[in-house]
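**Q** The sequence shown begins at 1 in UniProt numbering and counts up one residue at a time.
One or more hints might be untrue.
To be verified - PhoX-like, lysine-lysine: derived pairs with alpha carbons at most 25 Å apart: (1) 411 to 443; (2) 564 to 588; (3) 438 to 411; (4) 264 to 564.
As the list claims (entries may be wrong) - Quick list of simulated restraints, FRET-style, between CB atoms: (5) 599 to 187: 53 to 61 Å; (6) 228 to 58: 50 to 58 Å; (7) 223 to 447: 37 to 45 Å; (8) 501 to 400: 38 to 46 Å; (9) 436 to 220: 42 to 50 Å; (10) 500 to 192: 19 to 27 Å; (11) 392 to 58: 50 to 58 Å; (12) 223 to 599: 57 to 65 Å; (13) 257 to 431: 32 to 40 Å; (14) 374 to 395: 19 to 27 Å; (15) 269 to 230: 16 to 24 Å; (16) 392 to 460: 27 to 35 Å; (17) 455 to 253: 31 to 39 Å; (18) 500 to 220: 52 to 60 Å.
Since the hints were made in silico from the structure, they are not lab data.
For each residue, glycine too, the CB sits at the ideal point set by N, CA and C.
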Amino acid sequence: MEDDTSPSQSVAGSTRGTGVAKRPKKVERSCILCHRRKIRCDKKSPCATCTRTGVLCCYPASEQPVTRRPRKTTIADVAERLVRLERTLVAISSSDSHTEAETPRESTVQASKPDGGGSDNVSVTEEFLLQNGDSSRYMNEILISRVLEEETVRHDLLVDPDGKRFEPLDVGSLLSGYSPTSANSLNLHPQKWQCMQLWTVFVNYVDLFNKVLHIPTAESVVYTAIEDPSSAGADVNCLLFSVYFSAVTAMEDEAVISLLGHGKRRALSVFRRGLEISLAQADFLEAPTLTGLQAMGIFLQTVRAHNTGRSVWVLSGLIIRAAQSMGLHRDGKTLGLSIFETEMRRRLWWCLSANDGRVAEDHSITVNVFDPSTNIEFPSNVDDSQLYPGITELPDNRGRWTEMSLPLIMKEHCLARRRLYQVIPPSASSIPSEAVRKEIVDKTIAHCEEEYFQYFNTVIPVQRAAMLMGRAVLGKLEFVSRLQWLSMANQNTTRGLLSTDETLAEACQILEYGTQLQSDELLRNYRWISDVYPQYHVLLYVLWRLCVRPTGPSVDRAWVHVEKSFDVEFGRIGFETAPPGSKWTVLKAFREKAVRIRQMVAEGKATGNGKGTSSDIPQDSAAAAAGGNGDATGTGTGGLEDGFSWPPEDADLPDWNELVEDFKLSDFEIQI
């Protein structure tokens, strides 16, 4: 017996045998029985085999297509596609048309295309958002986009047909060295009634300062997960633990003990470990979800109150990359998403961007990492009650306080900081004018005053806390950027420009916002916000100014805020574990020197002259202590021991420019 040979096999065999491709002959199919038994069929009706065995002889339908192997792509095909791609790139580069959303051809793929005014051969999809449940994958690389444009089933090209998945990366060990391979996060959840209390604390004291959730839709997910965490997805458990962590951050230690039965430090450690385990179980790095990113946005906002280490900033960059892989940096309108989903993505992206920029301040790293392809708009200034899934039109922005008021102020601050970074030149040869900086900052502050601040009612505690924090952040933006511009414009010295009484009074006002938030009894549950938004640069300036000129009309006021700022910092959980080289090491060293100089000035006044101890007082300090006009000189070194090199010229204390340059170093260590 011989096997039945298909036409394609015959063609392949003849081609291999002769080396020359021959035109295939039309061969009739064997009957079904002969084909099944793998025997020769005479192709008659009925065939001899069926007649001999006495069975019904049936042939396949003639219209049934014959399965053939797909034609292999040749070099000529590749060359032809490259030619078409070159024409497309030329057409795109010469076109100024804006992109708009196009109705996707498949429900699982959403793509944005240029306006349809051109010919078909230059209409190329520039970006794709492929969704798979709650996760998605964003693509905008032009070569991939051009290939996918010619395919009819793009989703199948990006999904492993065998359903194979790689082993997930151990996220827990990435965060803190903890290995959750055999751990279970379920036993780390508090009791149900405790979970409900923590959720209430989060909604009342945290959510309005980090608006990434839509509470009306999130609370049903949260309560369902609280009822049975084992049935919830791993990303939802991530959200729960981040909510627990942030709620404990907003609570006093006594309240945590009363609710959970143990202290704040232990509670934070347990909930962080639960978050790490859930991240590993969710395979977060390989398959990030919107819920998982929301959890990390909440966590990154509040963990800064306890940990200003470099790992937090590195983790923030990792989360930004995960968000970009899901296309969060592209506005939902260009991706064809619904209004509700677009709003939630806007909230989340700007929250992550603002967190990343602020964390960089802890390590004196000024890096402009803003992606020029980012086109996402600000979220709307509306309450959660005005949004719902399926909404067809956004309500108009209202001239009143909303749940988004402070988050939008923070986003305006983030955008202004981005614009300032963009105008700062890579070298000092072309320094932008002060008018450029002033225009950017003044427009931002005026916009926030007009759109948000005027509608705050400071009698209401939450709005008072938001007012203090918003003004502190914007005041710091104006103050620090002005000092930076003065430092760039005056390369030799800025001591006379920056050591004025007016500048010190302005710095004290910014510090006062934070100290008022810490001292107001009605704002006890909002005190964590001042820990998240530290005023390191402003405090550094005040300490420098107290060293350079230890007397003046605002000096006593400055010392009050310095002591309050240090009391708050020393009382922070985890402060004693801050790594060497952190900014607080520098600030503590400056404070000690300022205290010594203050004591010397006081001793000089007590003896009736300012000369007895002037060898350890800087020029300006000695002159002020002696009541002179600034012509006194200091001859001692008076510098910080073992680790910080003071400039030998002019005075014991560095000029502001040199101080700023030293303050930008991220790897120094000071032994005190």
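**Q** Evaluate each hint against the coordinates.
**A** Status of the hints after comparison with the structure:
no., hint, result
1, 411 to 443, "holds, 14 Å"
2, 564 to 588, "holds, 13 Å"
3, 438 to 411, "holds, 19 Å"
4, 264 to 564, "holds, 22 Å"
5, 599 to 187: 53 to 61 Å, "holds, 55 Å"
6, 228 to 58: 50 to 58 Å, "holds, 56 Å"
7, 223 to 447: 37 to 45 Å, "holds, 38 Å"
8, 501 to 400: 38 to 46 Å, "holds, 39 Å"
9, 436 to 220: 42 to 50 Å, "holds, 49 Å"
10, 500 to 192: 19 to 27 Å, "violated, 59 Å"
11, 392 to 58: 50 to 58 Å, "holds, 57 Å"
12, 223 to 599: 57 to 65 Å, "holds, 59 Å"
13, 257 to 431: 32 to 40 Å, "violated, 54 Å"
14, 374 to 395: 19 to 27 Å, "holds, 26 Å"
15, 269 to 230: 16 to 24 Å, "holds, 23 Å"
16, 392 to 460: 27 to 35 Å, "holds, 33 Å"
17, 455 to 253: 31 to 39 Å, "holds, 35 Å"
18, 500 to 220: 52 to 60 Å, "holds, 57 Å"
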